[in-house]
Amino acid sequence: MVKSFIRALKLLFASLFGRKHTVTLGLYGEPNTGKTTLANKIAKDWLGKTVGTVSDMPHETRTIQKAEHVEVTAGSRKIVMNLLDMPGLATHIDYKKFMQYYKTNSNSTQTKSKSKNKKGKRKKYTESEAKKIAEEATRGVVEAIKFLDKVDVVLAMMDSTRDPLSQVNIMLVGNLEAKGIPVILVANKTDLKSAKPENIKAAFPQHPVVPISALKGHNLDELYETIAQYS
Amino acid sequence: MVKKKVKVRKRRGSGKLKLDFISVSMLKGLSLDQKIAAILKKVRENHIVVLDESLDFIEETKLVTATMEKIDTEFKGIEFCTLPRKRGPIQEYATKAIESITGKPMAKPGLTLVGPSSIIREIKRDPNAFYVSAEL
Numbered sequence: 001m002v003k004s005f006i007r008a009l010k011l012l013f014a015s016l017f018g019r020k021h022t023v024t025l026g027l028y029g030e031p032n033t034g035k036t037t038l039a040n041k042i043a044k045d046w047l048g049k050t051v052g053t054v055s056d057m058p059h060e061t062r063t064i065q066k067a068e069h070v071e072v073t074a075g076s077r078k079i080v081m082n083l084l085d086m087p088g089l090a091t092h093i094d095y096k097k098f099m100q101y102y103k104t105n106s107n108s109t110q111t112k113s114k115s116k117n118k119k120g121k122r123k124k125y126t127e128s129e130a131k132k133i134a135e136e137a138t139r140g141v142v143e144a145i146k147f148l149d150k151v152d153v154v155l156a157m158m159d160s161t162r163d164p165l166s167q168v169n170i171m172l173v174g175n176l177e178a179k180g181i182p183v184i185l186v187a188n189k190t191d192l193k194s195a196k197p198e199n200i201k202a203a204f205p206q207h208p209v210v211p212i213s214a215l216k217g218h219n220l221d222e223l224y225e226t227i228a229q230y231s
Numbered sequence: 232m233v234k235k236k237v238k239v240r241k242r243r244g245s246g247k248l249k250l251d252f253i254s255v256s257m258l259k260g261l262s263l264d265q266k267i268a269a270i271l272k273k274v275r276e277n278h279i280v281v282l283d284e285s286l287d288f289i290e291e292t293k294l295v296t297a298t299m300e301k302i303d304t305e306f307k308g309i310e311f312c313t314l315p316r317k318r319g320p321i322q323e324y325a326t327k328a329i330e331s332i333t334g335k336p337m338a339k340p341g342l343t344l345v346g347p348s349s350i351i352r353e354i355k356r357d358p359n360a361f362y363v364s365a366e367l
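The listed protein sequences derive, respectively, from chains A and B. Position 62, counted from 1, in the first sequence is what the numbering used here calls 62; the numbers after and before it change by one each time, with no gaps. Position 95, counted from 1, in the second sequence is what the numbering used here calls 326; the numbers after and before it change by one each time, with no gaps.
Derived from the structure by calculation, the hints contain no laboratory data. Hints are not guaranteed to be accurate.
In silico lysine to aspartate or glutamate, EDC-like type, Cα no more than 16 Å apart, as pairs [to be verified]:
| hint | chain 1 | residue 1 | chain 2 | residue 2 |
| --- | --- | --- | --- | --- |
| 1 | B | Lys301 | A | Glu136 |
| 2 | A | Lys131 | B | Glu305 |
| 3 | B | Lys339 | B | Glu323 |
| 4 | B | Lys293 | A | Asp45 |
| 5 | A | Lys193 | A | Asp163 |
| 6 | A | Lys97 | A | Glu143 |
| 7 | A | Lys97 | A | Glu129 |
| 8 | B | Lys301 | A | Glu135 |
| 9 | A | Lys66 | A | Glu143 |
| 10 | B | Lys355 | A | Asp56 |
| 11 | A | Lys131 | B | Asp357 |
| 12 | B | Lys327 | B | Asp287 |
| 13 | A | Lys179 | B | Asp287 |
| 14 | A | Lys132 | B | Glu300 |
| 15 | A | Lys97 | A | Glu68 |
| 16 | A | Lys201 | B | Asp357 |
| 17 | B | Lys249 | B | Asp287 |
| 18 | B | Lys301 | A | Asp94 |
| 19 | A | Lys150 | A | Glu177 |
| 20 | A | Lys216 | A | Glu177 |
| 21 | A | Lys146 | B | Glu300 |
| 22 | B | Lys317 | B | Asp303 |
| 23 | A | Lys49 | A | Glu68 |
| 24 | A | Lys96 | B | Glu323 |
FRET-style restraints, in silico, Cβ to Cβ [said to hold, decoys possible]:
| hint | chain 1 | residue 1 | chain 2 | residue 2 | range |
| --- | --- | --- | --- | --- | --- |
| 25 | A | Glu135 | B | Ser262 | 23 to 31 Å |
| 26 | A | Lys66 | B | Phe252 | 42 to 50 Å |
| 27 | A | Asn82 | B | Gly260 | 39 to 47 Å |
Backbone N, C-alpha and C define an ideal beta-carbon position, used for all residues, glycine too.
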């Protein structure tokens with residue numbers, strides 16, 4: 001409660017003295033919900049560069065990826081934000097699952113071996129590489145949770161094709177409510193036929209829900225306007 | 232007449248599901264770290280732990296971070312679910328008053344289930360219930 005009061009005071013002073021307030025925006029959510037896809041879309045549109053590597057493999061993002069000083073126009077307002085793409089939150093990580101995936105050119109995978117063999121075919125992760133990825137992923141989860149105290153606004157990314165009432169989502173939203181940090185629920189993957197963003201609204205009726213497709217860039221204007229309301 | 236010998240294979244392992252129902256009084260007086268460590272110790276021994284209280288969000292995040300630090304080739308992590316029981320406004324006010332006087336958090340009414348992800352396959356939930364699928 002004290003932290004949210006201090007945050008409100010900072011916003012008041014910033015608006016009174018006309019100083020541009022830089023919002024620290026954290027993208028949180030379970031793995032494969034589209035956090036890095038959205039971060040890349042925003043950074044590419046407004047900064048001209050991407051933030052991280054996107055793949056089907058869960059926990060592709062294993063360290064916090066930052067895009068600083070992103071100036072976004074939302075209607076008549078300009079928001080300046082530091083965008084933080086967080087590692088996916090999970091309660092279990094099995095290294096064997098990573099061995100099913102092909103290597104990407106991710107810089108966070110510190111392996112000396114190339115992603116393709118001599119015939120140009122893509123290689124899957126070896127057991128030792130998969131264990132290293134699992135180790136990095138566990139550290140990423142801990143880092144993301146610790147960073148909850150340092151963000152101003154959170155975009156809680158949820159896959160519209162999945163059940164939103166997972167314990168990770170409940171824990172994340174509950175934590176943010178307890179800390180007084182504004183949270184915007186982003187119902188992603190609305191481009192897919194099985195998407196049901198209304199399920200997310202029904203599960204968390206006390207928070208704003210913005211349906212988007214980060215991949216296709218659908219409805220991002222509404223997302224920017226909602227961020228502007230909460231920053 | 233020659234009798235054929237038939238080999239009978241003995242079943243490996245106990246194949247038993249271990250459920251621990253733990254009351255609030257058993258964890259009373261423990262610090263947050265001690266409480267989470269006690270729960271995780273049982274889960275790493277392949278027990279499913281059921282608490283007759285609902286972990287709060289601070290305890291849940293501590294459980295997740297402590298789990299991440301314990302994950303290795305043998306222990307893949309946990310699945311857990313909480314089902315808090317809502318208190319009335321008078322009860323809520325009284326609880327907050329007692330907590331502010333004593334300086335100690337009171338146990339939250341409800342239920343918590345924590346188990347190894349290698350045993351708990353799926354947890355489905357709605358606001359008033361949760362349904363667990365487990366497999367040894």
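Right, here's what the structure says about each hint:
Between Lys301 (chain B) and Glu136 (chain A) the CA atoms are separated by roughly 13 Å; this keeps the pair inside 16 Å, and the hint holds. For the hint pairing Lys131 (chain A) with Glu305 (chain B), the CA-to-CA distance comes to about 12 Å; that is within 16 Å, so the pair holds. Proximity of Lys339 (chain B) to Glu323 (chain B) is assessed by CA-CA distance (about 10 Å); at most 16 Å being required, the pair is judged to hold. Under the criterion of a C-alpha separation no larger than 16 Å, the hint pairing Lys293 (chain B) with Asp45 (chain A) is inconsistent with the structure, at around 37 Å.
Taken as a hint, the Lys193 (chain A) and Asp163 (chain A) pair is honoured in the structure, with Cα atoms around 15 Å apart against an allowance of 16 Å. Annotation: proposed proximity of Lys97 (chain A) to Glu143 (chain A) is violated, straight-line Cα distance about 22 Å (limit 16 Å). Simply put, Lys97 (chain A) and Glu129 (chain A) have alpha-carbon atoms about 12 Å apart, close enough for the 16 Å limit, and the pair holds. Restraint check for Lys301 (chain B) and Glu135 (chain A): satisfied, since their Cα atoms lie roughly 10 Å apart, inside the 16 Å limit.
Taking the CA atoms of Lys66 (chain A) and Glu143 (chain A), the gap is near 14 Å; set against the 16 Å cutoff, the hint holds. Simply put, Lys355 (chain B) and Asp56 (chain A) have alpha-carbon atoms about 24 Å apart, too far for the 16 Å limit, and the pair is violated. Taking the CA atoms of Lys131 (chain A) and Asp357 (chain B), the gap is near 35 Å; set against the 16 Å cutoff, the hint is violated. Between Lys327 (chain B) and Asp287 (chain B) the alpha-carbon distance is near 14 Å, which keeps this suggested pair within the 16 Å criterion.
Distance restraint check for Lys179 (chain A) and Asp287 (chain B): the Cα-Cα separation of roughly 13 Å lies within the 16 Å cut-off, and the hinted pair is therefore satisfied. Taking the CA atoms of Lys132 (chain A) and Glu300 (chain B), the gap is about 14 Å. The hint holds against a cut of 16 Å. Among the hinted pairs, Lys97 (chain A) with Glu68 (chain A) is inconsistent with the structure: their alpha-carbon atoms are about 33 Å apart, more than 16 Å. With a C-alpha separation of about 14 Å, the suggested pair Lys201 (chain A) and Asp357 (chain B) falls inside the 16 Å cut-off, and the hint holds.
Between the alpha carbons of Lys249 (chain B) and Asp287 (chain B) the distance comes to roughly 25 Å, so the proposed pair goes past 16 Å and is violated. Taking the CA atoms of Lys301 (chain B) and Asp94 (chain A), the gap is about 12 Å. The hint holds against a cut of 16 Å. Restraint check: the Cα-Cα separation between Lys150 (chain A) and Glu177 (chain A) comes to about 15 Å, which is no more than 16 Å; the hinted pair holds. Proximity of Lys216 (chain A) to Glu177 (chain A) is assessed by CA-CA distance (about 30 Å); at most 16 Å being required, the pair is judged violated.
Our distance criterion of 16 Å between C-alpha atoms is met by Lys146 (chain A) and Glu300 (chain B), whose separation comes to about 14 Å. For the proposed pair Lys317 (chain B) and Asp303 (chain B), the alpha carbon gap of about 37 Å is over 16 Å, so the pair is violated. At most 16 Å may separate the alpha-carbon atoms for a hinted pair to count; Lys49 (chain A) and Glu68 (chain A) meet this at roughly 11 Å. For the given pair, Lys96 (chain A) sits about 45 Å from Glu323 (chain B) by alpha-carbon distance, which is inconsistent with the 16 Å threshold.
Checking the proposed 23 to 31 Å range against Glu135 (chain A) and Ser262 (chain B) shows it holds: the Cβ atoms sit about 28 Å from each other. Distance hint for Lys66 (chain A) and Phe252 (chain B): a CB-CB separation of about 45 Å, consistent with the stated range 42 to 50 Å. Between Asn82 (chain A) and Gly260 (chain B) the beta carbons are some 43 Å apart, a value that agrees with the proposed interval 39 to 47 Å.
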